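J.: Put together the whole structure using the sequences plus the hints.
Residue numbers (our numbering), protein chains in the order written: chain A, 45 to 275; chain B, 80 to 310.
Worth flagging that the hints you see were computed from the coordinates, not collected in a lab.
Quick caveat, the model's predicted, so the values are computed rather than measured.
The reader is advised that the hints may include incorrect statements.
Claimed, not checked - Partial list, derived from the structure: chain B residues whose beta carbon lies under 7 Å from chain A:
no.	residue
1	L254
2	P257
3	A299
All residues carry an ideal CB built from backbone N, CA and C; glycine is no exception.
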Amino acid sequence: MPDLHAARRAASRGLILIAVGLAGLAGIYILALRFTPVERFQGLPQKIFYIHVPAAWSALVAFSLVGIASALYLWLRDPRLDLFAESAAAAGLVFSVIMLTTGPLWGKPVWGTWWEWDARLTFTLILFFLFLGYRALRSALVDPLERARFSAVVGILGFVLVPFVHLTVYLFRTVHPQPIVLKPSEPSLPWEMLRTLLASVGVFTVLLIGFVATRYALGKMEQIKGADDGR
Amino acid sequence: MGRASVGEFFRVALAVAAKDIRVEHRSRTALVAALAFAVLTLVIFNFARDAASLSRDAMAPSVLWITFAFSGVVALNRSFALERENAALDGLLMAPVSRGALFLGKYLANLAFVFAVEAVALPLFVLFFGVDIGGAVGGVIGVTVLATAGFVAVGTIFAAMTVRTRLAELMLPLLLLPFMLPPVTWAVQATARLLSGRPAGEIAGWIRLLGLYDLVFVTACLLVFPSLMDE
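T.: The structure is reproduced here in structure tokens:
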């Protein structure tokens with residue numbers, strides 16, 4: 045069965061990427077703790093920024109991938125797009141959990157509260173629930189074609205919803221730090237900090253690709269095995 | 080689409096809606112149950128309030144909208160249950176009519192159902208919470224219509240999907256509540272201002288957002304519904 049072998053190889057490639065990403069993550073810790081200056085007002089808790097922001101980046105990228113793959117699926121009806129959307133959603137769920145746990149860990153010492161109904165926190169929470177609903181719906185459907193169509197519709201509508209949630213939460217007061225890197229003027233971050241952040245974004249992107257690739261290959265293997273059992 | 084086919088589109092939609100409303104009217108079980116649910120929610124809110132620390136007025140808009148949102152979910156849960164029982168949906172799908180018209184028909188019937196629940200819940204809310212609604216009646220009804228029109232559109236799509244799953248009654252709120260967040264938030268803001276007699280200028284922004292949500296999601300739902308239903 046060449047297909048199964050190919051899928052196995054793809055899964056090992058994904059695992060290697062994840063291993064590289066995790067090694068990179070260890071490197072980020074060293075870079076952040078040893079070679080990056082301590083922020084003057086926030087002190088050590090600021091270090092979590094190098095995990096939190098890249099995780100947010102990966103979650104948002106994953107969410108966009110789900111939306112795009114869903115729309116393409118309804119157009120082209122290629123089952124690979126469905127599997128890709130599912131894999132991206134699974135990875136997105138992981139990153140949104142990282143984002144939601146590191147946020148309060150930073151918030152407690154710096155804001156003095158674990159949770160604040162702040163714009164970006166609320167936005168993230170809704171993103172997390174969208175991923176969760178998407179996953180729950182998938183697991184509750186049996187017929188693969190039906191599952192693909194239904195979850196693609198949720199993926200698309202979720203993508204349409206995001207700007208509205210964004211609008212809703214921003215109409216309320218925010219205590220979240222304002223953008224300091226991606227803004228019209230020059231990044232207002234010292235070079236050492238920016239360097240660590242960018243390296244971490246790179247590492248989290250590798251992790252995202254690794255997670256999605258592995259999940260995709262596993263899904264492929266599951267499909268091949270399922271087809272064999274049915275024979 | 081020519082003029083004749085546009086007429087046909089709306090004729091089919093109205094026929095589907097009329098069918099649903101007729102079924103509902105003949106048994107009335109679902110409507111009575113949904114109404115009872117809405118009233119019970121209002122009653123529970125009254126007891127869940129600590130009268131010493133929280134005035135009725137302060138809580139009123141939130142109570143109204145949480146009641147509307149939850150009753151909406153309960154009402155939508157039954158939207159496709161009937162079609163499923165006797166494989167009636169297959170019959171509907173075999174009919175040579177546009178899927179968009181089918182969606183519009185189900186949407187209109189669901190709107191009628193949810194509006195009926197709200198029409199009973201609103202006066203009871205005024206009564207139970209001693210709200211001085213006076214000159215704000217028209218405004219509150221307008222806000223209710225606008226907010227309901229948006230989330231019922233998304234709810235119709237999700238109800239069509241969740242009815243095919245196990246745990247349908249649990250799956251619908253999980254998917255729909257994140258989509259209710261923006262319209263319900265805006266409706267609470269608008270209702271609070273209407274009830275405290277603020278000038279119309281303060282409400283215009285929320286009304287515009289509600290209208291935008293309706294426009295975007297009714298269009299999106301019309302576009303994606305056909306791909307839900309094809310086999």
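J.: Now tell me, hint by hint, if it's right for this structure.
T.: These are the hints, each one checked on the structure:
Interface restraint check: L254 (chain B) against chain A, minimum CB-CB distance 4 Å, threshold 7 Å, status holds. The criterion of a C-beta within 7 Å of any C-beta in chain A is met by P257 (chain B), whose closest approach is roughly 5 Å, and the hint holds. A hinted interface residue such as A299 (chain B) counts as satisfied when its beta carbon comes closer than 7 Å to some beta carbon of chain A; here the least separation is about 5 Å, so the hint holds.
Comparing the model with each earlier hint shows no violations; every hint is respected.
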